[in-house]
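Q: Letter by letter, the chains look like this.
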Amino acid sequence: MSGTHPPADAAWTTRLWLAVVGVLAVGGLLAFLAVPLVQGGSIGLDTYTAICRGLGILPGTPARVTPASHAAAQPVTQVAWTTETLAELANADPARGAKVAEERCVACHAPDGSSAAPNIPRMAGQSYFAIYKQLHDFQSGARVSDIMSPQVEGLDDKAMADVAVYYGGLQRGDSDLQNPPAVGPEIENLVINGDVRRGLPPCTACHGTRAGGPVEVPTLADQHADYIEAQLQAFATGERRNDIYHRMRSVASRLTPHEMHLLAIYYAGVR
Amino acid sequence: MPRSPSLILAHLWLAFLVFAGAAALGAWQMWVRSPLHAPYSSPETYFISVTTHGSSMAYVMATFFIMGFGYYVAETALEQPLPGRIWAWAGFFLGLVGSAMALGTAIAGRATVLYTFYPPLTGSPAYYLGLVLVVVASWIWCVLMIVAMARWKRAHPGRAVPLAQFATVANAIMWLWTTVGVAAELLFLVLPVALGWTETIDAGLARTLFSWTLHAIVYFWLLPAYTAFYTMAPQAAGGRLFSDMMGRLSFALFLIYSVPIGIHHLLMDPEHSTGFKYLQSFMTGLVTVPTLLTVFTIAASFEIAGRLRGGTGRLGWLRTLPWDRPMVLATGLSFLMLWFGGLGGLINMSYGTNAMVHNTSWVTAHFHLIFGGTVVIMYFAIAYEIWPRLTGRATPSTVWQRRQLWLWFIGMMVTTLPWHWLGLYGQWRRVAHFDYADPVIAWWAPWVTVSFVGGLILLASAVIFVLNLASFHQSAAAHAPEFVPGPERYAISLHPVGRVPSVLNGFTTWNLVLLVLMLLAYGWPVAQFVVTPSPGAVAHRVFEQAVR
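Here the protein sequences line up with chains H and R, keeping their order. Following this note's numbering, the numbering of the first sequence begins with 1 at its first residue and continues without gaps. Following this note's numbering, the numbering of the second sequence begins with 1001 at its first residue and continues without gaps.
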């Protein structure tokens, strides 16, 4: 570095600028071109969007306008899985439940719990924890329905538990979807593995055949496809919001409408 | 001999007394977090203590040390009187008032916002105003350092500015660039909220402006240590500086690559795009260049010294180095801590690995190892080196100086290695207590206790350090009354420094480079908040709670 002839000042300055600009160019190309294109490509972004997101002039996730709400805050649910609640369900009386169902439910849900209308969920064989929670939520206003909300008026906890175990104890027959179409490996992969990139857990993490999910998780197998799809859409828009910790709202809001449709068909066809 | 010993001593004593108090707070904080029952423990007292500890160490101790040491270098390396000594004293008293305001407010529990502020948390305005005064005091110092170098250059045309002063001015210029971020944050965002003029704050913009300061401030603390590596350690080891030019290049590279990279502190924040995070992380990686240049140059300088003292073979020179000299010992220990802390830093600046250690005690461990370890141990060594010339008294004995340095090294390792380990397991930082009854984290308890023991060792070392310095001032300590300290001898370069390229003898070009880098790295990340303003975050005034 210290030869007999000190390097000319101008040469030093030129080299300095070349080095800095060169390094900056490499960093800039990686930051704003290479990484956005490679990463954006893997999630299906076009070149323009990927680069704009890298620069921060387009939002990184599609912005959703939160609709203004003038409604009073309502709790997600009033149900807590205390030992008392669990004991009430364990000691519930299906015979009494059948009587209550006869008065209030069978017109729509059918005596065998398998309504034919695609927009009315099948109750037979449903988890009685799930039925109990939904009845309770309709009553507390955590879940709102023009039809269901009036039906649960005046029911006490015990009656709701009785109805839940009555319908839960019925055998669920096959759904009207006799020959479910194949939904493709991508949807099956979503069910089994989820999608880490979108922060989507697998459906089976909760709606699996084994224990591990939250207590109130409903059984989806053989449910009407139309009903499942409608609920996914309601969760995605926030119209339905009685899921504890936003679980379903967060999942559904990351699904595309097409995925919701296929997932509904998938579960309707599960035996 | 420096011509203004009382000015320099005033700065350094203030720095070290505040340091000793803050070390005691640090040890108590580890006690609180450990499973052992600490006195006065409550979340409120804990956050009072953390804020006071951080503000004392980061703002008061470091700033006053750097100012004092800078004045020493300007007078001894340039061998000319300090310009504007009255301004220097004015800066000292301004900083003193500011420190008292900031620390007093923190101790009173009216600013439990931690030294990094975290808006919309808002403390009492007195806390922020005090810190502004400290920063203004340091700006006076910056100007004096630049003026001193300019005068010297005028008086010595064509000659290379002594490396120690070149390094000090590099630090002063970097600090001027650095403090723009925090000054803008405090003056335009935080203080209006603290004073009650506005009710909301743009937290994203505030964090961005603080990130501008947050990384370079560490280099502000670090460069005096590097100055000692280049200009004092080779001399103390009895050798030559391997390359003066390498030193100049390193300090200039630190100047341009320590400021436009702060967004790597915001990798997990949502307000910036991946492109700018990537670009700034990329440039953060370039800081390793001057770091490794320094490690190479100082190792080579030490090898020269070791071989001059009879060391042979590939590593035999390490054995023959005079490790009994505090400056040599401190440099060795500092390098060891730089190794651990630097590797940890590479993990923090990388997007993927940072995600794993984000907000865990790993980060706390990293910056304690770098600042508390690598940097502060060199502050001790510098103090031991220059105190005889400041007081005119001989070193009574270096035994306790060496014991103190070893204790600091051991204490810092014992404190921070468990933090690193637990951080990998997700131990969160910035909390007052851990619930060891939770079986998931019960196994942390013994490790936190180990860190507490480390904190006690550090406290012991801090107390010994202050006593060691005080012993210089006792008349009995000067056992050689005829002792006349020689002038400060900065390390001589292996190759005589004749003329150096003007780029390495001044900062005009480097300032231009830094301006370009800052515009590219921070232009849009800051401008985006003006183009699309964020919704304001509602202020949470902690001092209003405290009086309720």
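Rather than coming from a laboratory, the hints here were simulated on the basis of the structure. This structure is a prediction, so every number in the text was calculated from the model and none was measured. Ideal Cβ positions, reconstructed from N, Cα and C, are used throughout, including at glycine. Honestly, I wouldn't trust all of these hints.
Quick list of simulated restraints, FRET-style, between CB atoms [said to hold, decoys possible]: (1) R:Val1516 / H:Asp9: 12 to 22 Å; (2) R:Tyr1425 / H:Ala90: 34 to 44 Å; (3) H:Ala182 / R:Ala1527: 48 to 58 Å; (4) H:Leu29 / R:Arg1154: 26 to 36 Å.
A partial selection of chain H residues facing chain R, derived with a Cβ cut-off under 10 Å [to be verified]: (5) Trp12; (6) Val152; (7) Gly154; (8) Leu155.
Q: Hints first: check each against the structure and report whether it holds.
A: Hint-by-hint comparison with the structure:
no. : hint                             : verdict
1   : R:Val1516 / H:Asp9: 12 to 22 Å   : holds, 20 Å
2   : R:Tyr1425 / H:Ala90: 34 to 44 Å  : holds, 39 Å
3   : H:Ala182 / R:Ala1527: 48 to 58 Å : holds, 51 Å
4   : H:Leu29 / R:Arg1154: 26 to 36 Å  : violated, 43 Å
5   : Trp12                            : holds, 4 Å
6   : Val152                           : violated, 39 Å
7   : Gly154                           : violated, 42 Å
8   : Leu155                           : violated, 39 Å
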